[in-house]
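The whole structure should be built from the sequences, with the hints applied where relevant.
Protein chains: 2
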Amino acid sequence: MPEYDAVFYEAFQEEESVLREVLPENRKYFFTWKTVQESNHKTPPSSIISTRTQSIIPLDWAEKLSAIITRSTGYDHITEYIEKASNKKILTAYLPDYAARAVAEQAMLLWTALLRDIRAQEEAFKTFNRDGLTGKELRGRKILIAGVGKIGGEIADIAHGLGMKIMGVDIKPNHQLGKKLDIDYVSFEDGLSDAEIMVCALPLTSSTRGMLNYQLLSRMPRGSIFINIARGEISPAQDLVKLLKENILHGVGLDVYDHERELAAVLRDEIPTASFSGAAKESLEAISELMKHPHVIMTPHNAFNTAESVKRKSLRTAENLRVFFDTGTFLTPIDRSI
Amino acid sequence: MPEYDAVFYEAFQEEESVLREVLPENRKYFFTWKTVQESNHKTPPSSIISTRTQSIIPLDWAEKLSAIITRSTGYDHITEYIEKASNKKILTAYLPDYAARAVAEQAMLLWTALLRDIRAQEEAFKTFNRDGLTGKELRGRKILIAGVGKIGGEIADIAHGLGMKIMGVDIKPNHQLGKKLDIDYVSFEDGLSDAEIMVCALPLTSSTRGMLNYQLLSRMPRGSIFINIARGEISPAQDLVKLLKENILHGVGLDVYDHERELAAVLRDEIPTASFSGAAKESLEAISELMKHPHVIMTPHNAFNTAESVKRKSLRTAENLRVFFDTGTFLTPIDRSI
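Residue numbers (our numbering), protein chains in the order written: chain W, 12 to 349; chain L, 12 to 349.
Worth flagging that the hints you see were computed from the coordinates, not collected in a lab. Just so you know, nobody snuck in bad clues.
Derived lysine-lysine pairs resembling DSS-like cross-links, with alpha carbons at most 27 angstroms apart: (1) L/Lys153 to W/Lys161; (2) L/Lys153 to W/Lys191; (3) W/Lys191 to L/Lys190; (4) L/Lys190 to L/Lys176; (5) W/Lys161 to L/Lys176; (6) L/Lys253 to W/Lys137; (7) L/Lys75 to L/Lys45; (8) W/Lys176 to L/Lys161; (9) W/Lys176 to L/Lys176; (10) W/Lys161 to W/Lys190; (11) L/Lys161 to W/Lys153; (12) L/Lys303 to L/Lys292; (13) L/Lys190 to W/Lys190; (14) L/Lys45 to L/Lys100; (15) W/Lys176 to L/Lys191; (16) W/Lys303 to W/Lys253; (17) W/Lys39 to W/Lys75; (18) W/Lys322 to W/Lys45; (19) W/Lys176 to L/Lys322; (20) L/Lys45 to W/Lys137; (21) L/Lys137 to W/Lys303; (22) L/Lys95 to L/Lys292; (23) W/Lys137 to L/Lys303; (24) L/Lys99 to L/Lys53; (25) W/Lys292 to W/Lys303; (26) W/Lys153 to L/Lys322; (27) L/Lys191 to W/Lys153; (28) L/Lys137 to W/Lys256; (29) L/Lys256 to W/Lys137; (30) W/Lys176 to W/Lys161; (31) W/Lys191 to L/Lys176; (32) L/Lys137 to W/Lys253; (33) W/Lys253 to W/Lys292.
What follows is the structure, encoded as structure tokens:
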């Protein structure tokens, strides 16, 4: 018999403390900052588990699980799990939109920090020297937003507020939003040759995987900035290394990574890169190159992480769980039809 | 007889190359990144000299000078020089407003970097760990702008664009601007107790010198952010150290420093702090404390430094010089009556 009513993997300190405040009372919960694989649990300690995006749930757990809540806006990892699992009856939930503004603001921080080279400015303070510190202003700068959904829309709102010129690429242009925020909807072909900053806010699907590759991004003007706060799989690290080497990109800001689970294993658990092979190893080696580059800023899939969004996220997790305990359904279930 | 038609001190590489393009032709110019005192010139190499804010012009140069252009928006250092100088006929010029947007955008970069602790996020990437990285969102956050002039107005424009709640302190509230940007004009007393972020954009005058001291800033809520992109003399470093130690301030972003000339001498020319005394020494020691603090970001009086503003600045310097060569007057003279 499972020991807990629900188990939360990948729950970092601040998140755990907010969750403890808002989860349904008189239940038994277990929290860990570890992923499922890092926790070394042989069987699920509860039939209800909650993860973020880095846990690999063993296929032999499926028969013992009744529900999975991913505390993330992306849910491709859960859809993939259910596809392979023997038990298709597992109910699944995700958390739509809880962090759109937090992620969009982090994207803005990354592109501004790169345009003004804050790292070099701080370094130069030590000698109070200003050579080579001339940055670029935001106002009037051309930004291309790939994927103008919830997060992309917030990015457009911020860019509009800062007086930037906005181009958007989306399979379903939102013309009402476009009018409100002066978004010029374009094709990648038309937009990229003009884009001084490009932000990837696309969802990961079979058609976006690998989409922002060397071939596409090499159309950008020399000296451009590329930001990815969506999913690493959309823009391979090897291609970004090449674009930086050829000075097509001046700077890169990343919060997400291809093969992020393997990357976390290498960086957090000190698993050697050499123990991986194929595409994962190539990606890990490219990221290690990026880590040495003066104009690359990398954050650990943390763009969502503000007090405001942790609060919203924990509240929505708690609401889903409360409804599940009461009715056996979720408030924001994953739509498996798409 | 002077060797040059004009001499430019404190001209860093990028500025020199733009100036060379736009200055009146068929004249002889000399450029150095050094201050007047660092250059060791015994007599002025030209009767027309141009500085930024860190040069100390020797009083015995006054008789040989016909004109001084400070390539800065602040000009208190030039006014002070003329007050002490035996020759009051020296014509003086400054460059109003060329960098207001660049400075305002840097202020925004500083407060955003502090609210999201980009330094800790980058450090945490190395272990792909997210504990302790929860930041704060900009939207809805309360910001107090001290001095809503040209720079303060641009700061308000940016904060408004980001959906922040803006309070302004100014001796002459601009109610038209206030209406446009939702600025709530308040007294320091009323504003400080509510301000999660405070930005100093005041001019340096005898009444603002030392104004934002421990006593005043200690009224801010615990965990606040203080940004100074105006003049260091308005907010003593010793007071900021104390406010950080007492956790009243969570973070500090500075581009300007009290005793900035002495600071540049210590950092750039490796003059020992011990060779200074009194207020300068105290300030230098406090800044050295600030350099070690994890939530302090310091840049070397570089907020003005964007490609756009260097261009505007060089053009306006060239225009002033052209008019001076032609008519013996300046386009944007310093008003010595205030």
